[in-house]
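K.L.:
For reference, the chains in residue letters:
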Amino acid sequence: MSSPLKHDVQGGGTAPDSRAEELALEAEDQKRAEERERRLGRRRRFIEQLQGEGLILVLVVVFILIWVSSPFFLTQQNLLTAASVISVLGVMAVAETLLVISGEIDISIGSVMASTSVLMGLMAAQSVNVWLTAVIGLLFAAGVGTVNGIITVYFKINSLVTTLGTYSIFLGVAYAISNTATVSIGGHGFGVLGSGKVGSIPVPVFFFLGLWLIGLVVALFTALGRHIYATGDSYDAAVRSGIQANKLRMGLFIATSLSAGLAGVITTSELGSAAPQIGDPYLLSVVTAVILGGASLRGGRGTMLGTLVAVAILGVLQNGFALLQFSTYLEDTVLGSLLIIAVLTDRLVRRAER
Amino acid sequence: MSDPAQSDSAQTDSAQSDPARSDSAQNDSAQEEPRATEASAEPLTPLLEARGISRSYGSVAALTGVDLQVRPGEVVGLVGDNGAGKSTLLKILCGAVQPSAGQLLVNGEPVTFRSPKDSRERGIEVVYQDLALATELSVAENIFLGRERRRPGPFRILDRPRMATEAAAALESLAIEIHSVRARCGLLSGGQRQAVAVARAVLWGSNVLLLDEPTAALAVMESEKIGQLVTQVAKRRVGVVLVSHNMPQVHALCDRIVVLLRGRVVADLRRDETDVRDIVMWLTGAALSRN
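Sequence lines, in order, name chains A and B. The first sequence begins at 18 in the working numbering and counts up by one. The second sequence begins at 9 in the working numbering and counts up by one.
Incorrect hints may have been included.
Unchecked claim - Here are the simulated DSS-like pairs of lysine-lysine, each with C-alpha atoms no more than 27 Å apart in a straight line:
id : chain 1 : residue 1 : chain 2 : residue 2
1  : A       : Lys-264   : A       : Lys-173
2  : B       : Lys-243   : A       : Lys-264
3  : A       : Lys-173   : B       : Lys-125
4  : B       : Lys-243   : B       : Lys-99
5  : B       : Lys-125   : A       : Lys-264
6  : B       : Lys-125   : B       : Lys-243
7  : B       : Lys-99    : B       : Lys-125
8  : B       : Lys-243   : A       : Lys-173
If you are wondering where the hints come from, they were derived from the structure by calculation, not from laboratory data. In this text the structure is predicted, and so the values were computed from the model without any measurement.
So that you can see chain A by itself, here it is in the shape it has in the complex:
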């Protein structure tokens, strides 16, 4: 189709056949570009599949390795215990996944967990009702999330820095206030949150799977989910579409912190005591699970299914290391390696787009 633009550029002075030739050349260019686009699309889908299926493959391999090495692994009792233990991590991983998709990160969750627990212990020592201490603990956690959100969103500080700061602050507070002492806490049927069972399934598993389902529905089937992805993907595009990206991120910071508070409550209930050390294992592992699950630190990408599989991998590893009586330090080494592999895979996916 001849167009007004072309006509005016040429001023009608060029021979018509050379123009046609030029257009044909351009059409060829266009075709090449489309071909390239399709090729990149295919390559990307392949790598994504590799990433998704690779993750499941890792889970299967780890599962089989530990099954073979320990006769205690594949027993109902052990698997349920493992599920209960990892559910605490899973509870936090759900909200963290959404936060990372929105383009932010929260590494303060371990210390929020600890300080929630210590706060509960402090109040319980003053004979405050244990359920009330849990509620106040959750409010405190939401408060920390609000602080994280305000500093990051409204003062535009990198959330890694913000939450590194609050991580340090609240871990320090937790240890200082508690004097590293463990306070016994319980009664009023409070233990049910951490060590209760429905049928033979531990209660923490329900917390995790319930939250995970909510996360799944939000991510896949709601406008809110699209807005979270869009905010992490292109903040400007999201804002220009009328999405209140700042409020959204703010809400996700609060949700993440709140889930850390919940994890603190569950762990405190399970142990029957409040202690500042309970958050220590979760600084690295929650973020590892989220990124291993395919959520990108640059935002805009990540799935709930990926997080579920990654949490399962971590659960099996943790359980296996305990069963085989490997050093827990070695567990950290494996986690770190997995984290790097996960980030490298993400980079590979990104590169496939160029």
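Based on the hints, put chain B in the right spot on chain A.
P.N.:
Then chain B, alone, in the frame of chain A:
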């Protein structure tokens, strides 16, 4: 603004204008004529008007007493050398920058834009070269971003099939070629992304489109397609302000060309009374010294 019926009515619109389009496509000169006469014959109220807009940064005057009008279906080219004040004017028109003096009017009504949100509410949309789309989301998701279609029911879950159908129909009505609305925007070419962004703005009822250098980074073919899209958009009685350095394209597409020089409007040229050389002379100030 976010009227659900919008896309439907938009489709009927284009169905009516389609025959006209194929006619004009065959005859270049006939294409611009009806619009140009229309704009000058009826004294339509401008969709967007700037009166005596000035803006200074400290003691530096970026704009001085600028007048600009955009009428329904009119494509206005805004040209000028670097630093002439084009982008400042564009930012004022969309509310990203506030004028030091002067008045903006929408449909003849005086307005004050405190932010781009205000201008968007009045149907004025800027389409930037980049930043317009979320690359991880699909074409359909981008078109409906912030205005998602949902299924009835307590959970209001996303109605993806409906969004896909409507997005495809919308793109087709604007003659935008994209093989699938489920394609991720990150995999589209620059021109296609630009087209999706324009389609999005038009679909959601914007009646003034501000295009900032829409073709600066595009290949010739793509740039031409954007040109065709601008013509399509104008047929829907949308007013378009096109900021561009591509003088032949500006001349080909625009009904009027407004030339800025050092923050002042030095010429407001009708397309049929000017040519590319003329525009360039005004642009460089050569026309001023000639007189």
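K.L.:
Run through the hints listed earlier and report the numbers of any the structure violates, in increasing order.
P.N.:
2 and 8
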